[in-house]
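Student: Letter by letter, the chains look like this.
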Amino acid sequence: MTCLPVSTEKRLGLAIDLDTCVGCQACVTACKGWNDQGYGVPLSDQNPYGAEPSGVFLNRVHSYAVQPIEGEAQTINFPRSCLHCEDAPCVTVCPTGASYKRSEDGIVLVNEDACIGCGLCAWACPYGAREMDAEAGVMKKCTLCVDRIYNENLPEEDREPACVRGCPTGARHFGDFADPDSKVSRLSAERSGYALMPDLGTKPVNRYLPPRKKDVRQDASILAPLLDIKASGFAGWLDRVLGKI
Amino acid sequence: MRVQPKIDTSPPVSDEIRKTTCYMCACRCGINVHLKEGRVSYIEGNRDHPINKGVLCAKGASGIMQVTAPSRLRAPLKRVGPRGSGAFEEISWDEALALAVSWMKPLRETAPEKLAFFTGRDQSQSFTGWWAQAFGTPNYAAHGGFCSVNMAAGGIYTIGGAFWEFGAPDWERTKLFVLFGVAEDHDSNPIKIGLGKLKARGARVIGVNPIRTGYNAVADDWLGITPGTDGLLILSLIHCLLQAGKVDLEYLARYTNAPLLVVEDGPEKGLIAKNAESQPFVIDRRTGAPAPWDGKGVQPDLGATYQGNRTVFQHMAEKYLSDDYAPEAVAARCGIAADRIRALAAELAHVAFEQAIEIKQSWTDFRGDFHATMPGRPVSFHAMRGISAHSNGFQTARALHLLQIVLGTVEVPGGYRLKPPYPKPMEAHPTPHFVTAPGKPLSGPHLGYVRGPENLALKEDGSPVRIDKAFTWENPFSAHGLMHMLIPNAHAGDPYKIDTLFLYMANMAWNSSMNSTKVMEMLTDKAPDGEYIIPRIIYSDAYASEMVAYADLILPDTTYLERHDCISLLDRPISEPDAAGDSIRWPVVEPDRDVRPFQSVLLDLGARLGLAPMVNADGTAKYKDYADYIVNHIRRPGVGPLIGFRGDGTAEGRGDANPDQMARYIENGGFYQAHVPEEGAFYKPWNMAYQDWAVKTSFYESPQPYLFSIWSEPMRKFQMAAEGLGPIQPPDHLRARLKQAMDPLPIWYPPFGDLEATGWGYPVHAITQRPMDMYHSWGSQNAWLRQIRGTNYLYLPTKIWAEHGFSEGDYARVISPNGGITVPVAHMAALNENTVWTWNAIGKRKGAWALDDGASEATTGFLLNHLISELLPDKGDGARLSNSDPVTGQAAWFDLRVRIERVGAKAQSEPAFAPIPRVVPQGGERA
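Chains as they are written, first to last, in the working numbering: chain A, 1087 to 1331; chain V, 152 to 1078.
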């Protein structure tokens, strides 16, 4: 068993806008590309050109079909990665202390040197956010790009997670949820950001901004015909229209 | 609690960053390529780049896997066994080039048309076209004929610019954005960035698309239209707007040909009335008398009748006010309820006319009239391939531009903005050139815009000059050629036989052909004398695609990070509405194989063939390589492939060649931008500040103001010919379809694929989409992308799923008039109820792309191509009419109609072809 910090100074996390995410997968490979050469061992791929390729991704995007009780079916794109929970069951279940939550910023990390690859944390995580690296035998997970966000070798504007920097639609936002004035806190407040499966008591830091209400339509009365063309004929219509100039 | 481990949060990122241009699709974003110990370690978007502003799509961020893909070709190959057997031997470049020259030189000296040079996803068309022109063959084009020509030509002939990369909604100001058509590719990141901006400020997005995925998934409202009926919906919207008088009369009068007069009768019936100086004219509302169309202070009268001739506006209004276009009349056909069509029209009208905006910027128009402000209507549109890949796609693209025009939303704040070098009227483009002579260059550039029957590429006996029959009565405005007809026509010897097929980056033996099964047979078919019907095939590609096995000589290309390229204003640049832009690629890593950049190889071949522009007076090669050409080639005096850093390094647009130009581009992040002056930012076709800047920046030699073409005179000329008027007459069997398709006003007619389909028992529409994370076939070899989308299903709407009792894991037999395939299915609710679809080009042939034979792409993966004939059904008159738009020849992929039968569970899709022999070893571990 590994302990969680009582509280963290910052609560760094992501606000992900489901009203804007088009499901393009850019964040998936931006993450793969950075973390393949970033914190810890590379994200290996097994049988990359084979029948069943299987590699580690710290961030995946799923598309769900939603059929409202009334109205047309919808598609919701849903990016899924570690939510950096305050009560992270993946940390408390870890037998070696390899999984831990940083006291300064709340990032949940794996100390790969201490990880024995037992996989308990992946079982404990209700969000499926951890993936075992089959080559190195250690657990991999989103680091919030801990090696980017403080990295003095990067220009300041690039000190954000690779998935956020790369997102073409700007649907991913990074910041400190402990600061009520941060962009992510404000967005979450304005757009009714929600935590995923709050009933599990994991207290995720990340927030999802829900899709706006869809399929609301305009009143067509603005299009009242100028006059009954059948009655007055095309010439009448033309006079009426051109009278507007 | 234990002490937290200390971690290094500031590790060094890389040894070096090299900035170049992505090529993981046609979007051409700027990328930062990070290198560690000389190898690519990480790729991210370039924040300074105008196209992607730092972001990068899933493909671009996976480029590192493309550069190390095991499918990369390694050396030139010569076929030594039967074609298609995969028996090749590696040869040296000297041997390869000598062999190519030994085939090409005799053709050039006797019959240059016997060489057909077609390039696929080529981003150097102004260069490859120049090479083909120097060779002298009329048979050159790139892949636009099976891709986008309806969109391009529909735009050029109507507004002097097009959708896709050639324009963009005013993302900063638009309040309502309507996106038409399936496919999620062009242009990739700018649309996503733009949608993000709209979403951030809560602007409204409406999708018109049979499929609700991707961009349509985030649309606030979705119209799940029946494929091939977009034009009808659009004309119904125009009907509603006209009926309510919600059209921009001022805009129509000033900037379009709506006030020009149409000759009512006589031999010139339907042409625009001209004055004694052969100029079109308008009736001035101030005087009621004729006045020059571009006269100062003239107020054109939309309602005028003069000498019995009425205005284009009256013809247009009368046509679309007809009950045929009432929402109630089109609803069933479009699959959209009448009240929803009215609601959409109402939204358009509301935003355009009740929420109009204005920019406080003065400007002067081409009439010399001063405007204190720039008013705008914040409704914008964009369209994807879906609306255009039909046999009514040209007229549909025109209809959508007409809708923009009547709302007054093109080139205004909040509307749709063109990117330099557009706007550019059809008249400022060349006509097609096709005159050949042995040993001589072609008479001019191959591809162009036809003005009338006199520009058709026909021989004296009326037969086509070109192997693809471009610029003939079958498809007069085929401005991009018809690559999809190249192999079938060469095989049929219709209009004639060729000797050497020279292809670049085009997977014609698989996903880039209609009727792929038959095309593979055509490539290996032999004549009775034992010779291949297509005697020689030279192919250049960087990867072991399906096409490689069918070539006789392979010229292996580099990957995009290993070569120079030039994304030119002469071709398909990276401009934005506020700036002209071009860019380069440069070798950020050196190839580790015996491969050469194709463009450098072409220059070498050209020099060996003695093509005049590629040799010095002493016969030596004029250009060392493509980089040398990019910097030193002069297309017109002072104008070369790149606009930046010309002359002494400070000249923009025009100037002498600058030997330091490439270095300056590299230093500048790989691109250059020339900024439009603020006064010229909108109303570009009519704005003298823009026109003068465009001349200065080299897009044209003199200002080219023009009126948008609601009434298309070139189209009317063909329609007149079909009616029997004029000296140049079409063959009788094409008269009826020309009369219909060449209507000078946008129209809708059922896609040819629909005509008898229902009666024959093919009630379902079948289409494909390009995923945002996979570019055609290239993605399949990418170790990361194929993990995201290595499998495709045929998605079935709820109605079909339930009707046939499908369940998860089932396969379906999909039958078209051309054949059948058996494929895995999945249920999808957010889909037009009469449409099925799948992701494009996921299916692969076993043995290609260095994939395992058991790869999902090669087992369950499939193509719809086998179901699509390249020809229309034979009417018994022997005419081989292509399955294409009758105006432009664009491949009508999405006309496909099928019927569906439930098969139950299976392990593999059908047809299952024999593995293609490998030309590179199967991939093992990731590099």
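Hints may contain errors.
[Unchecked claim] Okay, the calculated beta carbon distance ranges per label pair: (1) V:S243 <-> A:T1182: 54 to 60 angstroms; (2) V:R786 <-> A:D1267: 51 to 57 angstroms; (3) V:K950 <-> A:S1278: 30 to 36 angstroms; (4) V:E959 <-> A:A1137: 17 to 23 angstroms; (5) V:R198 <-> A:T1182: 17 to 23 angstroms; (6) A:S1278 <-> V:E323: 25 to 31 angstroms; (7) V:I817 <-> A:T1182: 26 to 32 angstroms; (8) V:E959 <-> A:P1311: 21 to 27 angstroms; (9) V:F1064 <-> A:Q1153: 56 to 62 angstroms; (10) V:I817 <-> A:A1137: 40 to 46 angstroms; (11) A:S1318 <-> V:G519: 35 to 41 angstroms.
[Claimed, not checked] Listed next, the stretches of chain V that the computed footprint assigns to chain A, with coverage defined by at least 3 CB atoms under 8 angstroms from CB atoms of chain A: (12) 199 to 206; (13) 350 to 363; (14) 866 to 879; (15) 1065 to 1078.
[As the list claims (entries may be wrong)] Listed below are the simulated SDA-like cross-link pairs for lysine to any residue, each with C-alpha atoms no more than 20 angstroms apart in a straight line: (16) V:K890 <-> V:D475; (17) V:K591 <-> V:D650; (18) A:K1299 <-> V:A351; (19) V:K950 <-> V:E984; (20) V:K648 <-> V:G595; (21) V:K187 <-> A:P1128; (22) A:K1316 <-> V:D475; (23) A:K1096 <-> V:D475; (24) V:K470 <-> A:A1321; (25) A:K1300 <-> V:K326.
By construction, these hints were calculated from the structure, which means they are not laboratory data.
Given the structure is predicted, the values throughout are model-derived calculations rather than measurements.
Note that beta-carbon positions come from the ideal geometry of N, C-alpha and C, so glycine has one too.
Student: Would you mind marking each hint as holding or not holding in the structure?
Tutor: A quick look at each hint next to the structure:
1. V:S243 <-> A:T1182: 54 to 60 angstroms: 58 angstroms, holds
2. V:R786 <-> A:D1267: 51 to 57 angstroms: 56 angstroms, holds
3. V:K950 <-> A:S1278: 30 to 36 angstroms: Distance hint for K950 of chain V, S1278 of chain A holds at roughly 35 angstroms.
4. V:E959 <-> A:A1137: 17 to 23 angstroms: Cβ of E959 of chain V to Cβ of A1137 of chain A: about 21 angstroms, so the range 17 to 23 angstroms holds.
5. V:R198 <-> A:T1182: 17 to 23 angstroms: Roughly 40 angstroms apart at Cβ, these two residues miss the hinted range, so it is violated.
6. A:S1278 <-> V:E323: 25 to 31 angstroms: 27 angstroms, holds
7. V:I817 <-> A:T1182: 26 to 32 angstroms: 49 angstroms, violated
8. V:E959 <-> A:P1311: 21 to 27 angstroms: 50 angstroms, violated
9. V:F1064 <-> A:Q1153: 56 to 62 angstroms: 38 angstroms, violated
10. V:I817 <-> A:A1137: 40 to 46 angstroms: At roughly 42 angstroms between Cβ atoms, A1137 of chain A and I817 of chain V fall inside 40 to 46 angstroms, so the hint holds.
11. A:S1318 <-> V:G519: 35 to 41 angstroms: 39 angstroms, holds
12. 199 to 206: holds (count 3)
13. 350 to 363: holds (count 4)
14. 866 to 879: Contact hint for the segment 866 to 879 of chain V vs chain A: violated, 0 residues under 8 angstroms.
15. 1065 to 1078: Held - the segment 1065 to 1078 of chain V has 5 residues with a Cβ nearer than 8 angstroms to chain A, which meets the minimum of three.
16. V:K890 <-> V:D475: 19 angstroms, holds
17. V:K591 <-> V:D650: With Cα atoms ~18 angstroms apart, K591 of chain V and D650 of chain V stay inside 20 angstroms; holds.
18. A:K1299 <-> V:A351: Holds. K1299 of chain A to A351 of chain V sits at ~15 angstroms (cutoff 20 angstroms).
19. V:K950 <-> V:E984: 6 angstroms, holds
20. V:K648 <-> V:G595: 23 angstroms, violated
21. V:K187 <-> A:P1128: 15 angstroms, holds
22. A:K1316 <-> V:D475: 14 angstroms, holds
23. A:K1096 <-> V:D475: 64 angstroms, violated
24. V:K470 <-> A:A1321: The hint holds at about 13 angstroms.
25. A:K1300 <-> V:K326: Distance ~16 angstroms between K1300 of chain A and K326 of chain V Cα, so the pair holds.
When each numbered hint is compared with the structure, violations occur for hints 5, 7, 8, 9, 14, 20 and 23.
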